[in-house]
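Heads up: the sequence lines are chains A and B, in that order.
At position 112 of the first sequence (counting the first as 1) the number is 306 in my numbering, and the numbers step up by one without a gap.
At position 24 of the second sequence (counting the first as 1) the number is 218 in my numbering, and the numbers step up by one without a gap.
In case anyone wonders, no lab produced these hints; they're calculated from the structure.
Incorrect hints may have been included.
One copy or two, it doesn't matter: identical chains are merged, so the pair holds either way.
[Claimed, not checked] The calculated DMTMM-like cross-link candidates involving lysine to aspartate or glutamate, where the alpha carbons are at most 20 Å apart (straight line), are:
{"id": "1", "residue 1": "K332", "residue 2": "D427"}
{"id": "2", "residue 1": "K381", "residue 2": "D415"}
{"id": "3", "residue 1": "K583", "residue 2": "E264"}
{"id": "4", "residue 1": "K579", "residue 2": "D266"}
{"id": "5", "residue 1": "K381", "residue 2": "D416"}
Owing to the predicted nature of the structure, the values given are computational and were not obtained by experimental measurement.
Protein chains: 2
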Amino acid sequence: MIPGKGQGAFPRERGDAMDTAMFDRDLVWEESLEKILELVEEKKFFRARDELVKFNAVEIAELLEEVTEETDIRDTVILFRLLPKDVSVEVFAELPGDDQVDIINGITDRETEFILSEMDFDDKIDVLEELPANIVDKILEKTPKSERRLINTFLNYPENCAGTLMTPDYISLQKDWTVREALDHIKREGMDAETVYTCYVKDTGRKLIGIVSLSTLVITDDDIRVKDIMNTDFVSENVYEDQEEVAADFTRYGFIAIPVVDNEFRLVGIITFDDILDVIEEEATEDIERMAGVIDFDDSDRTYLETSVWQHALNRLPWLLILMVAYVFTGMIITSFEDALSEVISLVAYMPMLMGTGGNTGSQASTLIIRGLATEEVDTGDALKILWKELRIGVLIGTILSAVNFLRVCFLDGHGPMVALTVCGAMLFIVIFAKLIGSMIPLIVKKVKLDPALIANPAISSVSDAVALSIYFLMARLFLGI
Amino acid sequence: MIPGKGQGAFPRERGDAMDTAMFDRDLVWEESLEKILELVEEKKFFRARDELVKFNAVEIAELLEEVTEETDIRDTVILFRLLPKDVSVEVFAELPGDDQVDIINGITDRETEFILSEMDFDDKIDVLEELPANIVDKILEKTPKSERRLINTFLNYPENCAGTLMTPDYISLQKDWTVREALDHIKREGMDAETVYTCYVKDTGRKLIGIVSLSTLVITDDDIRVKDIMNTDFVSENVYEDQEEVAADFTRYGFIAIPVVDNEFRLVGIITFDDILDVIEEEATEDIERMAGVIDFDDSDRTYLETSVWQHALNRLPWLLILMVAYVFTGMIITSFEDALSEVISLVAYMPMLMGTGGNTGSQASTLIIRGLATEEVDTGDALKILWKELRIGVLIGTILSAVNFLRVCFLDGHGPMVALTVCGAMLFIVIFAKLIGSMIPLIVKKVKLDPALIANPAISSVSDAVALSIYFLMARLFLGI
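The following block holds chain A by itself, in its conformation from the complex (with noise of 0.2 Å):
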């Protein structure tokens, strides 16, 4: 969070701003960005930075991300020595991790000292976790030894758990103080909290006891005490927590900010709602990607473009060389059915439709599961009443794709009944299977407590495959005789 960003708060004032503010921010944006990649090709450094003031720390950033995109990262630094030095802290903590090292690499050590000296205590946490190790031991050297013991325990907290979101600055209030002596205390600390909207009482042994909204602080009588108004009945996360768990809780009961405690319930940090909001989107993300079959192993928060052409191949080959394997099974399916084939050749032409359909229509039951139990709209518990769900959709969808495809079958394509009959109740078949298979094998995933967006789709794919081809050739023996 960088300061001010509860909107009120950005340090500058500007004449024009209200002209600004009445047309659309984007455009005016969009126009900027022309004029200061002109000024930037023509060295006209001190102009593109006049033009880059007018706007707030996100889209300053955001303006210095599209110069590095466009130009040359040695015009983003120039750019950013520019800025005013309030301005750059903000900014700084605003862009991408590699833009962040390449400006510390481009700066002096005085300017990284100041830079993160005047960062909010988790921003700095996320510059030191992109830095290479030889830098990081350089700035930890000038830093006092409390948090430097500070800053070493956060940067140890594993990956993607509550403690790596959190930020040490919160304001905490004795629970006998006064109303009066609270709002005292916050402006004397305000400035420097991450956030101030929630206020925690601890008691001796640091235990987190209650929590006070500054909102109930403000509306509350001067001489009222916090312990009288203090709501003692919150929710808390663990510090080792799944971020993605700790979304979930923000998302359900709409908090501000959630108290982060450690197994002895000593409180170590709190989590504001801003940093929830990237996490919300990066969980999606992953599972969207996860789903079609695209692991990112990098696990960075480099953008597409920004990803390597080799990254981008390592990504996306495990699951289709995992696919390979299964599509020996299939092809052993149709050799073992040549024979067959070759009498009745028009058979092929209806494979794909079979096969793709039985895909497309088991992807459809998967990626609402598997949606579903991310949201805990679902269960593994409720594994019955899907069942018995899709099982009735299934007959629904695969009677009408029949009863089209038996038209097609005889008037379009001009083939007898039985190959219609073949082809029809194949399609009937699969679809019904496929949709039993596609909604339970996330569920399956799920209860061995795997990640049902990273292996329901290969297992669904090789699976319905199969199973399509030896219900199709079932039929043909069926009806065909062959």
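Given the coordinates of chain A, work out where chain B should sit on it, guided by the hints.
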């Protein structure tokens, strides 16, 4: 937003809360659920109620949902009516739309009136949107005229726009007030306002001219004037802005609330972050489902299990039927090659693999691009960069898969080198073309202002299947001379 959702103002304080908080809340919740279900089974509603009220409103609503699912909505209505009045209002706001309608049908008009009068304005609108028109009319009759007009305005905003997410309850400040006057005003108004964390300053024409965060007010000296600390460079949304765009701005800037203005830049309401958490999740779910060929025609918040079999079938059929048309072409390609195929029938065994790999590798590319477009990581302007990247990825992956298959065809299946060359040559070009098609179609769909998630997959499936078969048969002609 229910009152107190910011943690710290759930209206009850409970002796046993601390014990509960020490343990895993989910576990406690599960145990209580079992106990409540047993008590309901034995018709011991009062004791079930006593168990319920140990939880907060969000959790009580979840428990009641489970009761509805496991037993009967009538039991839920009985339990609901036994809840303390203030709790029942909060719980009601958290229930899903279907349950809200059932409860309103099961309680007296006076109870309905009480609940609706106590609810926050935006929650009330959500409920009224779900209710049948005749019940809405009955409720509106008893509403004061000024509020009735406001309700009608809100009910008339198109679905999924900023207007349906916002609340008119916000804190207005005068620019000439001192901080002390502002805080006193918040103290008087505060309890009823949706959120007090950001306050808004309007000019005499109701135009929004500045915003001040509560934290700024708290940490600023009492005699400073609002106009001297208000931020005039704020981000706002137009009332007709799509909810997806609004969510993107929340993620981009990390705001707690965004003001909503009409075309004349007059403040009409505010949107708070907690309503956006749901939107982000909904939009991700919609995209994921659309990518799998499931279109939610219902556009309701109904979960998988709540959706009827008919609705499920309806949501899934269109895409399957469109593909049926595509498969007619695939069939025609195969039929035109039937004679050659019956000559070298073993070629059929590789068809599923080649078409399947084409589809999978194409959908890997399309998924990354569709998601990239949704999160604004890539843009239609990046088309050339993407094309060049996917070309190289395609060559890399295609070469590796071809090499693996060369070994399979020659040594596992025992075919000659010409069959192997046919299959592997086809594989290489199919992968390359599938990557290019998969990455370009979403960009084209986006360019013509349609939703890439909705259109891209059927288009890619049909094109890539036809391309795969054509390449395969071309290779067969080239290497096998058939």
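Against the structure, the hints:
1. K332 - D427: neither (44 Å within a copy, 38 Å between copies)
2. K381 - D415: Classified as both: same-chain Cα gap 17 Å, cross-chain 9 Å, threshold 20 Å.
3. K583 - E264: Between copies only: 17 Å across chains, 52 Å inside a chain, cut-off 20 Å.
4. K579 - D266: Answer is between: at 16 Å across copies they meet the 20 Å cutoff, but 57 Å inside does not.
5. K381 - D416: Both: 14 Å inside a copy, 11 Å across copies.
In summary, the one numbered hint that this structure violates is 1.
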